[in-house]
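Fit chains B, C, D, E and F to the known structure of chain A by using the hints.
Number of protein chains: 6
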Amino acid sequence: MSIVPLLDDDNLPPASRAVFDDIRKTRNTDFVNNFWRALAHDPVLLKRTWESVKEVMAPGKLDPLVKEMIYVAVSATNNCEYCIRSHTAAARAKGMDDDMLMELLAVVGMANETNRLVNGLQVPVDDAFK
Amino acid sequence: MSIVPLLDDDNLPPASRAVFDDIRKTRNTDFVNNFWRALAHDPVLLKRTWESVKEVMAPGKLDPLVKEMIYVAVSATNNCEYCIRSHTAAARAKGMDDDMLMELLAVVGMANETNRLVNGLQVPVDDAFK
Amino acid sequence: MSIVPLLDDDNLPPASRAVFDDIRKTRNTDFVNNFWRALAHDPVLLKRTWESVKEVMAPGKLDPLVKEMIYVAVSATNNCEYCIRSHTAAARAKGMDDDMLMELLAVVGMANETNRLVNGLQVPVDDAFK
Amino acid sequence: MSIVPLLDDDNLPPASRAVFDDIRKTRNTDFVNNFWRALAHDPVLLKRTWESVKEVMAPGKLDPLVKEMIYVAVSATNNCEYCIRSHTAAARAKGMDDDMLMELLAVVGMANETNRLVNGLQVPVDDAFK
Amino acid sequence: MSIVPLLDDDNLPPASRAVFDDIRKTRNTDFVNNFWRALAHDPVLLKRTWESVKEVMAPGKLDPLVKEMIYVAVSATNNCEYCIRSHTAAARAKGMDDDMLMELLAVVGMANETNRLVNGLQVPVDDAFK
Amino acid sequence: MSIVPLLDDDNLPPASRAVFDDIRKTRNTDFVNNFWRALAHDPVLLKRTWESVKEVMAPGKLDPLVKEMIYVAVSATNNCEYCIRSHTAAARAKGMDDDMLMELLAVVGMANETNRLVNGLQVPVDDAFK
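Residue numbers (this note's numbering), protein chains in the order written: chain A, 17 to 146; chain B, 17 to 146; chain C, 17 to 146; chain D, 17 to 146; chain E, 17 to 146; chain F, 17 to 146.
Extracted from the complex, chain A is given alone in its bound form (with noise of 0.2 Å):
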């Protein structure tokens, strides 16, 4: 059970509405999953939440499926079950296969460790990288 209730349709407060609206219309879809259900109580947090991610999603120098996998190599790292599994279903929506996904986890797993092998050698930073 989440901390505060998930809002349904019926029991949301105009301006998170209005939000869901937008969600719909952007999206394609009548669905809007539980993350913004959550969300919805505080009409506040839902609105600047979702624009960002909308604006920080959207295709740009980088592509969106390249924007999902970044997602879920933070996630992984964070071990946040939820935006693991709603950011891998993005991906794969978007073209990424388990091929890719497995690669994309070699990598995570890679840099996490090596990130730790640096930390705990205290390896200097070479001047070529500054």
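Possibly wrong hints are sitting among the right ones.
Each pair may be met inside one copy or between any two copies, as identical chains are not told apart.
Said to hold, decoys possible - Straight-line C-alpha distance at most 30 Å; calculated DSS-like pairs for lysine-lysine: (1) K41 <-> K110; (2) K77 <-> K41; (3) K70 <-> K146; (4) K146 <-> K110; (5) K146 <-> K41.
The hints are simulated quantities; they were obtained by calculation from the structure and are not laboratory data. Since the model is a prediction, treat every value here as computed from it, not as a measurement.
The following block gives chains B, C, D, E and F in isolation, referenced to the frame of chain A:
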């Protein structure tokens, strides 16, 4: 100062020298950065780490530039300065410009933010994501 | 299932029983939550942890409610479900309502985001902050 | 040295200049710290981050000083030096003295400790906390 | 449910089958745990991970039990339930009893606490430790 | 510079002086490192932290050297430079040589890697580990 001295080329154990040779050949440069010079004290760890990095970061179904950006995303999440600087440099060498870096970091920041909103609210995973 | 069995009142080592007595007296309730029942296997660890929590969370220059919210902020950052749920409950018992929780989590999310923007850009500390 | 150059006032993109104007007006000071000077390369990211921080840290149901202390708690947990120093300075400007800082850090330390005791023992959540 | 299906013995890619054979032979048991069954989708990742774990966890200058306890310490710090449970089981199989586990977790908790006191106070490293 | 000034022996609150006396007596050296000099502003926090560290790191069912190595493992995972350097120094004083350090860090790196592979794949815990 690093926790173990960085080994210069004249003080390498023979098995570490062989790994350095492969690093130079694979990267087509004489430059071997400090990370490997710290690991060089333990030829087994050096060899395994280098072979793993070489395998993981090689072109596959993901582009090497995408892999470098994922490496940066993890390292920024974990705050490993050496790893951030060295892999940002590597990503730039593969074509990442400042606009792409800013987009990358925007996703990293957003993922770290929403990971904690999800945690704090203990949002249950939607059936659609299972 | 926990890694070590949770001890019920009939199976406590005597030294752990004395700590449970103090927990009950201090909190003015018969309820002793699972965290202490797991620690009870090691009376020294139980006693030290309880005495420390009691001292740290007592009213001081910071209000006990503020302390509970800080505890939630750390636990959400680390994603410890047990700690999030138990300290959110404690904060609510001390007066935190849902609006305050959402504000708290908004700060936690923002801090986690900007922490990574700073890391990824390696922003040097301004002289004014030293 | 930061990963991207810090922009001084004479080299700002126009859209970033407008954000700097709002930072100065909102904070009633001419000083703009390095974090914003690094973000200024990307006016969209700068504007979104500034608007979000302004909204999140504004007085609400939580006191601005409490919000700053929560920011410090998260930053100390993540070990972001820049964020620890800048938000400790901000908290001090809002009234936090050394005794309050020490109490704050005592809670942060304790939470990080018990989070790991809970993890290591995999303590199940009590029904009372659900 | 895992993100990729767990492969049973009848559905292994041939290269993954060979790794499973080595896992069984090395561990002298027919049991292959779920971690390897998930990795089995990617024989290259499976083989590299297994060879690495086998090499790292083998008896060396550190005792295998000490290595398992270090694995538990890291996994409890990161809150990876699967890793905590599997490596606690492995440590127990190598001789760790409940008293030793509690001592181990007490150190893990204390280190996580003092790490954050140090962070929050930005304590400079003593010359004696450099 | 630390966030609070480091207190030299001439400026200690009396209650902190008593703790310093015990640190010196217990460790059989006149040297008191910076961590304690920062905590000395808050005699209650200083005393509790010192008593806890003394208790946790004392010989028990785990060897003090093993405890120091676990401390290093956690600190490398969290990237706390002060803690890494001070506890590596302490482990060396108790007999850890460079080969043992490299083995320790190899385990730390591997655990951090497989923790994230497990997270990213959401591997369910085997019944055998419950």
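Cross-check of the supplied hints:
no.: 1; hint: K41 <-> K110; result: within (18 Å within a copy, 37 Å between copies)
no.: 2; hint: K77 <-> K41; result: within (24 Å within a copy, 32 Å between copies)
no.: 3; hint: K70 <-> K146; result: between (33 Å within a copy, 23 Å between copies)
no.: 4; hint: K146 <-> K110; result: between (36 Å within a copy, 17 Å between copies)
no.: 5; hint: K146 <-> K41; result: between (45 Å within a copy, 24 Å between copies)
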